[in-house]
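Colleague: Protein chains in written order, with my numbering: chain X, 1 to 328; chain R, 329 to 732.
Rather than coming from a laboratory, the hints here were simulated on the basis of the structure. None of these values were measured; they are calculated from a predicted model. Incorrect hints may have been included.
[What the hints assert, rightly or not] Calculated cross-link-like contacts (lysine-lysine; reagent style BS3-like; alpha-carbon spacing at most 30 Å):
1) X:Lys303 with R:Lys433
2) R:Lys427 with X:Lys182
3) R:Lys652 with X:Lys303
[Stated by the list, open to error] Far from chain X, by Cβ distances over 12 Å, these chain R residues were calculated:
4) Thr348
5) Gln379
6) Pro386
7) Ile540
8) Ile594
9) Leu622
10) Glu712
11) Trp720
Note that beta-carbon positions come from the ideal geometry of N, C-alpha and C, so glycine has one too.
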Amino acid sequence: MSPKPTPPGQAPLYETISSVLRHNIRSGRLPDGFVLIEGPIAKLMQTSRAPVQASLRMLNAEGLIHRFRGRGYLVGDGQTNPAPIRRPLEEFGFEIPHISRSALAVRGTWQRVYDKVEAEIASCQIFGEFRVIETELANHLGVSRTVARDVLSRLNERGLIRKGATSHWLAGPLTARTLREKFELRSIMEPAALIQAADHIDHAQIVEISQQIDSGKVKDSAELDDALMRLCFERAPNSALVEIISNNRLLLSAMDKALSDLGLPEDPVAQDQYRILFELIGSRQTDAATAYLKEHLRILSFKSLARLKIVALIPESESRPPYLIPVH
Amino acid sequence: MNRLASPPHKKRRLLRVRGTDVTLLAQVRNMAVADLGFDIEHESLDFLTCQHRAAVDPQGYDIYEQCFHNLDIVWYWGALQPIQTDRITQWDDIGDLAKAGGISKYTWHGHGDAPMRKLYVQPDGTLGPHPMSTISMLPTAHNVDSFGFDRRLFGDEGPEGSSWAWLLDRRARGRIALVDEPAIGIFDAALAAEANGDLTFQDIGNMTVDEIDSLMALLETLRQQGFFVGSWLSPDEAEAFIQADRVSVQSMWSPSYGNLGEMTGIFRESVPREGYRAWHGGASLARHLTGAKLDMAYEYLNWWLTGPAGALMARQGHYMTNSKGVREYLSPEEWGYWYDGDPARCDLKGPDGRIVVRTGQRRPGGAYRERVSRIALWNTVMDEYNYAARAWKRFIRSLGSPAS
């Protein structure tokens, strides 16, 4: 029996990314000394950062790229000592071969399916505890149980579901205790990430967001919080830390979204806090920014506890997806 | 101004008040209209509907009259605006129970949401106990509640008083009712479960998820054993349970004891040895108020503290935050019974003119100071309110079906 060829989109994503990078390095498109950073690669290939990380580690082990004193990896085996080239990938005619492109496109579909399930599972948790039924999920999505299991294990990795005592997948409930714990984690990790990121933050972007706040263009707290993540914390070189921070925020933003969908008005005090925070970061007062961030998180935590009480007014949606069964 | 162009009769100004039947009495409105010279529209709703509508429909009212404990919902929704205390004429006469957390620094202030913890608007927009020049809600009517019991089953209380344990007493199996509202009913049940030794709470005013689970499991067991006859949403439903002789013990609020008809004297207000469950009401300003409408709203808030409204509140058993002002509007007999805990020297009438207290009766629990010194906990919207309220709602719904 000959082994079946793996259909596009079924190979692990990091394999596909690795083969694209390998192709571009071996063909000489990316010269020695080119700096590879996860974010731009992920963006170009429309994936999340985790598989890019895995693929870079793989290429590093293969000796195609190597670590250096800065952020990311350098193309080359590290024998010579080329000056780091920090340029956009596109400028070097970066190419995604057709076969990989379709694999990524299938992956793109997977990503959309995943994103939908993630949103549904994150937002149900304010209503209580639910069992996630794998077969129902597969039926609901029209995918195989293998794919459904894939989705579930990713959700598990991101901390959105867990295995119960009887081996069932469980989600929720999002309680005041969960909320308090998540904010405790935020106030430990986010200031640490801000310190690490200080030298990697693009100050032009911080100036821009500050101007947008001042001119009233950006009012939405969720958007500002997202900017803080994107422009500051994600610049921290420790990508594992960045990932934990991002996962830890998932449930919190799901709750915020549920509340703003209800028409909860914006909090002007919070807007003002983001304004000050970006000002401190922009003027490179890292210690002050870190201290202010902690205080901001303390107040945010207190307000979120109060907002969680408001959730009690939201009736549980009639349109709950069929793969979620309430545990009472 | 062109006088000819003015309408034939001027439309009267209107202030819209949304609240519950605790303070939205027709008699209060009539007096306020007479004193203030503008119309007042009352929209009286049950507790949960009221807080929900206050939050999601902030344009639909000018004044919100509710309890401090639900400010967590309505304030953080952004539906209200801060009240400037320098525009409250009698601010200095407002009692320490609201302002300082208790009538004396030596008394225990009670678990849960003492009004002071939600009173002052802090600089970061949250509510807290540190005195500030703006407040969330003007404190007005308040009271301490317990449960009502049938003397034919439990006998008289004796010198030690009753115990919250009676509310889940096996002797009353099949004849127990609880109040529907989660920020209130759950505490009646919790006080009972702790008093009878079934459960202990580390902080009964802010239960953990595990404690809520244990309480709900206990209630479910008792439900299956047929303990409960049902729940009530409005006080007249509680009174109907008693008049139909369907309950031996249940959650009860003060005004109901004057409406028991033939069951008066048989069904009594308890003085639990563990202490009372307290609440504090007040009035808040809707966020949208400005200019002349805001001035009217302040006039109305100030009117609440002038005395007549407090006298009406007293006649249904509720206290007012500035009792001095109230005293002028009560007869010495009324003041003696309701505030001082003296035996009634004559029959006393309720707000609607019917006799609610007979000569010789004495208010259970005694004088104001005695009663409010014995607060076990306050009606509270706990941190885990979302979790608790959903569990409580399922339990209340299950009471509707026959016990298995």
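Colleague: Run every hint past the structure and note whether it holds.
Modeller: Verification of the hints:
1. X:Lys303 with R:Lys433: Holds - the C-alpha atoms of R:Lys433 and X:Lys303 are around 29 Å apart, at most 30 Å.
2. R:Lys427 with X:Lys182: This hinted pair is violated, its Cα atoms lying about 34 Å apart.
3. R:Lys652 with X:Lys303: violated (37 Å)
4. Thr348: Answer for R:Thr348: holds, closest chain X Cβ roughly 16 Å.
5. Gln379: violated (8 Å)
6. Pro386: Check fails; 9 Å does not lie beyond 12 Å.
7. Ile540: violated (9 Å)
8. Ile594: With a cut-off of 12 Å, R:Ile594 remains clear of chain X, as the shortest Cβ separation is near 37 Å.
9. Leu622: Given a closest Cβ separation of 19 Å, the condition holds.
10. Glu712: Per Cβ check, R:Glu712 is inside 12 Å of chain X; nearest 5 Å; violated.
11. Trp720: Incorrect as stated: the minimum Cβ-Cβ distance to chain X is 10 Å, not above 12 Å.
When held up to the earlier numbered hints, the structure conflicts with 2, 3, 5, 6, 7, 10, 11 and fits the remainder.
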